[in-house]
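2 protein chains.
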Amino acid sequence: MKEHELIGIIKGELNSKYIGDDCAYITDAGIVVTQDNLVEDIHFCLEYISPFELGYKSVMVNLSDIAASGAEPLCLTVGLSLPKYVTTEFIKDFYRGMKKAAGKIQIVGGDITGGDKVFISVTAIGKDSDRKISSRKFAKSGQKILVSGNHGSSAAGLELLKSGISDRNNPFIKAHLMPMARLDISKNIAKTANKNYAMMDTSDGLADALSAIAYASGVKMVINFDKIPKYKNLEQFENYKDLVLYGGEDYELVATLDFIPEGMTVIGEVMKGQGLEIIYDDYKEILTRKDIERKLYNHFEGNEK
Amino acid sequence: MKEHELIGIIKGELNSKYIGDDCAYITDAGIVVTQDNLVEDIHFCLEYISPFELGYKSVMVNLSDIAASGAEPLCLTVGLSLPKYVTTEFIKDFYRGMKKAAGKIQIVGGDITGGDKVFISVTAIGKDSDRKISSRKFAKSGQKILVSGNHGSSAAGLELLKSGISDRNNPFIKAHLMPMARLDISKNIAKTANKNYAMMDTSDGLADALSAIAYASGVKMVINFDKIPKYKNLEQFENYKDLVLYGGEDYELVATLDFIPEGMTVIGEVMKGQGLEIIYDDYKEILTRKDIERKLYNHFEGNEK
Numbered sequence: 001m002k003e004h005e006l007i008g009i010i011k012g013e014l015n016s017k018y019i020g021d022d023c024a025y026i027t028d029a030g031i032v033v034t035q036d037n038l039v040e041d042i043h044f045c046l047e048y049i050s051p052f053e054l055g056y057k058s059v060m061v062n063l064s065d066i067a068a069s070g071a072e073p074l075c076l077t078v079g080l081s082l083p084k085y086v087t088t089e090f091i092k093d094f095y096r097g098m099k100k101a102a103g104k105i106q107i108v109g110g111d112i113t114g115g116d117k118v119f120i121s122v123t124a125i126g127k128d129s130d131r132k133i134s135s136r137k138f139a140k141s142g143q144k145i146l147v148s149g150n151h152g153s154s155a156a157g158l159e160l161l162k163s164g165i166s167d168r169n170n171p172f173i174k175a176h177l178m179p180m181a182r183l184d185i186s187k188n189i190a191k192t193a194n195k196n197y198a199m200m201d202t203s204d205g206l207a208d209a210l211s212a213i214a215y216a217s218g219v220k221m222v223i224n225f226d227k228i229p230k231y232k233n234l235e236q237f238e239n240y241k242d243l244v245l246y247g248g249e250d251y252e253l254v255a256t257l258d259f260i261p262e263g264m265t266v267i268g269e270v271m272k273g274q275g276l277e278i279i280y281d282d283y284k285e286i287l288t289r290k291d292i293e294r295k296l297y298n299h300f301e302g303n304e305k
Numbered sequence: 001m002k003e004h005e006l007i008g009i010i011k012g013e014l015n016s017k018y019i020g021d022d023c024a025y026i027t028d029a030g031i032v033v034t035q036d037n038l039v040e041d042i043h044f045c046l047e048y049i050s051p052f053e054l055g056y057k058s059v060m061v062n063l064s065d066i067a068a069s070g071a072e073p074l075c076l077t078v079g080l081s082l083p084k085y086v087t088t089e090f091i092k093d094f095y096r097g098m099k100k101a102a103g104k105i106q107i108v109g110g111d112i113t114g115g116d117k118v119f120i121s122v123t124a125i126g127k128d129s130d131r132k133i134s135s136r137k138f139a140k141s142g143q144k145i146l147v148s149g150n151h152g153s154s155a156a157g158l159e160l161l162k163s164g165i166s167d168r169n170n171p172f173i174k175a176h177l178m179p180m181a182r183l184d185i186s187k188n189i190a191k192t193a194n195k196n197y198a199m200m201d202t203s204d205g206l207a208d209a210l211s212a213i214a215y216a217s218g219v220k221m222v223i224n225f226d227k228i229p230k231y232k233n234l235e236q237f238e239n240y241k242d243l244v245l246y247g248g249e250d251y252e253l254v255a256t257l258d259f260i261p262e263g264m265t266v267i268g269e270v271m272k273g274q275g276l277e278i279i280y281d282d283y284k285e286i287l288t289r290k291d292i293e294r295k296l297y298n299h300f301e302g303n304e305k
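Line order of the protein sequences matches chains A and B.
Be aware that the first sequence starts at 1, since it is given in this note's numbering, and climbs by one per residue.
Be aware that the second sequence starts at 1, since it is given in this note's numbering, and climbs by one per residue.
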């Protein structure tokens with residue numbers, strides 16, 4: 001079963017107005033909440049990632065969802081399941097990594113249990129404070145499409161790791177193992193915005209985020225491939241276009257805004273219509289939600305990522 | 001490694017003032033948060049529990065932690081990992097069970113991923129509203145010790161299930177598979193209390209909760225075994241005293257109060273001193289924290305529960 005089919009079933013059963021964005025916004029309480037799983041041999045492989053990096057990434061992945069909502073991160077809880085072979089050193093390093101990523105944001109609780117494989121489920125809670133909270137439903141034609149950071153780096157890093165290269169100073173490998181949630185950029189956007197805006201992170205890839213916004217908002221997202229920021233030597237990878245669009249795990253922000261915040265680059269414009277249009281030098285393609293889903297990694301295929 | 005050793009390591013690494021109670025109380029934001037894991041073949045066995053009951057129990061376990069804090073439940077998120085063999089019907093029934101248990105409390109999000117075994121990590125968030133939030137540190141000599149409901153039922157139910165009996169009308173089996181978080185009693189206590197009080201649920205057993213309060217508050221908890229409410233025919237189980245004290249998973253409340261709320265029974269008194277003293281008809285025993293830990297189920301032993 002594909003993930004989006006599963007989510008469809010769950011939405012049907014729960015009939016909850018909150019399910020749709022990565023963070024649920026509980027307006028009464030002024031908080032946003034998100035929970036993400038990282039499962040051994042599905043989302044990570046202990047051969048490539050150290051316990052410290054794993055703890056670090058587990059927290060960043062969730063803080064990135066908070067960043068995408070525009071909220072101020074408040075606290076984290078961690079549900080952890082560990083096999084018996086895991087050592088005290090592993091656990092210490094894992095928590096050190098989590099603490100490093102969390103910085104001033106407190107890890108306030110959670111649960112730790114046994115299991116056959118390492119399973120991590122982190123919950124992050126944020127406050128709306130005096131910020132405007134985003135939704136993928138809020139894109140409007142006429143807005144600019146903007147992204148933070150470089151794209152395709154994390155997936156390139158995974159390719160290098162799989163090929164046996166493990167140099168932690170390599171920018172691609174660093175991007176894959178120690179991603180950075182864009183909390184500062186998010187804060188600036190959410191405090192500056194005076195109209196509704198769409199924002200997501202690129203956890204599942206840039207094309208997926210753009211397409212999800214297009215689909216949820218009922219608009220066409222038109223971007224220019226050459227405007228997407230990337231490390232120059234990404235082009236050394238034969239499939240670099242796929243890495244940029246479908247690689248995922250860069251945890252950069254994609255937003256539709258009518259202003260240009262520091263750290264964000266304009267890559268296109270929101271138009272009337274539907275789907276995702278990507279303009280290249282000499283041709284363009286229009287991708288439906290189905291096209292994207294076909295291209296995307298599917299969690300239930302068991303592909304190690 | 002024992003669970004309390006692990007928690008010691010984690011506390012040391014995180015150095016967080018919040019870790020100690022089952023719910024972390026974020027006073028600035030006026031919220032409490034708790035996250036609990038349920039792992040296949042450690043916390044449950046699909047041979048004994050239906051997907052509906054599993055969903056139901058996963059939610060109740062977490063709502064019970066909210067009840068123990070005294071807070072008003074606000075929302076839930078669910079991290080779920082499912083093996084490939086799990087059917088659409090399983091998932092639908094699981095979410096129906098969760099929804100049934102949640103009632104008016106919204107399930108607002110979460111994550112669903114693949115995995116080798118069923119792994120469930122539920123986060124529950126509550127609001128302090130106009131309530132007094134409990135802590136296991138808040139017991140004071142002179143307070144009464146009170147419990148809700150009947151004790152030992154859930155563990156008796158598990159024994160029956162393991163022996164091949166599966167009648168869902170049997171009160172013990174019902175207590176094990178479909179426990180009830182004591183939200184109404186908790187609400188009454190938290191709205192009535194005008195002084196600090198200790199409260200926990202009996203997820204890990206009545207003796208463990210009493211001992212944890214004694215240890216965290218630096219007091220002696222003195223209880224009278226015969227005053228602990230139980231189903232009369234629990235005595236048909238040879239080990240019924242162990243079921244009452246160490247069985248766990250009844251999800252009843254234990255509190256130290258200076259008033260007697262509806263639905264709670266006085267079973268003893270908080271005294272100066274340390275440890276847990278249990279008075280029987282013709283003898284008494286004093287149990288240290290270590291004694292209790294030795295007796296308790298250890299998640300890392302892989303005992304199916």
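To be clear, the hints were calculated from the coordinates, so they are not data collected in a lab.
As the structure is a computational prediction, the values presented were derived from the model and not from experiment.
The C-beta atom is built at its ideal place from N, Cα and C for all residues, glycine as well.
Keep in mind that a hint or two might mislead.
Unchecked claim - One-sided and incomplete, this derived list gives chain A residues near chain B with beta-carbon spacing under 7 Å:
hint, residue
1, Tyr-18
2, Ile-42
3, Cys-45
4, Leu-46
5, Glu-47
6, Leu-74
7, Thr-77
8, Phe-90
9, Arg-96
10, Ile-105
11, Val-108
12, Gly-109
13, Asp-116
14, Thr-123
15, Gln-236
Said to hold, decoys possible - Here are some chain B residues the structure puts well away from chain A; computed CB gaps all over 10 Å:
hint, residue
16, Glu-13
17, Lys-92
18, Asp-116
19, Ser-121
20, Lys-127
21, Gly-149
22, Asn-224
23, Pro-229
24, Tyr-246
25, Ile-279
Checklist line | Least C-beta distance from Lys-92/B to chain A larger than 10 Å | finding: Lys-92/B not clear of chain A: closest Cβ-Cβ about 6 Å, inside 10 Å.
Check: Does Pro-229/B sit more than 10 Å from chain A, CB to CB?
Finding: Label holds. Min Cβ-Cβ 28 Å, cutoff 10 Å.
Notebook entry, point to check: At a threshold of 7 Å, is the proposed contact between Val-108/A and chain B supported by beta-carbon distances?
Noted result: Where the cut-off is 7 Å and the nearest Cβ of chain B is about 4 Å from Val-108/A, the hint holds.
Note to self: Would the hint on Thr-77/A be counted as holding, given a Cβ-Cβ threshold of 7 Å to chain B?
What the structure shows: With a minimum Cβ separation of about 4 Å from chain B (threshold 7 Å), the hint on Thr-77/A holds.
Next item on the list: Verify that the Cβ of Ile-279/B lies farther than 10 Å from every Cβ atom of chain A, and report whether the claim holds or is violated.
Entry: holds, 33 Å
Checklist line | Agreement of hint Arg-96/A with chain B interface, Cβ distance less than 7 Å | finding: holds, 6 Å
Checklist line | Closest C-beta approach of Leu-74/A to chain B relative to 7 Å, hint status | finding: holds, 6 Å
Notebook entry, point to check: Are all C-beta atoms of chain A more than 10 Å from that of Ser-121/B?
Noted result: violated, 3 Å
Item checked: Supplied contact hint for Ile-42/A, tested at 7 Å Cβ to chain B -> holds, 5 Å
Check: Given Gln-236/A was flagged as interface, is its beta-carbon under 7 Å from a beta-carbon of chain B?
Finding: With a closest approach of 32 Å, the Gln-236/A hint is violated.
Notebook entry, point to check: Is the nearest CB of chain A more than 10 Å from the CB of Tyr-246/B?
Noted result: Non-interface label on Tyr-246/B holds, nearest chain A Cβ at 19 Å vs cutoff 10 Å.
Next item on the list: Against chain A, does Lys-127/B hold up as non-interface, every C-beta pair farther apart than 10 Å?
Entry: violated, 6 Å
In this structure, the hints that do not hold are numbers 3, 4, 5, 8, 10, 15, 16, 17, 18, 19, 20, in rising order.
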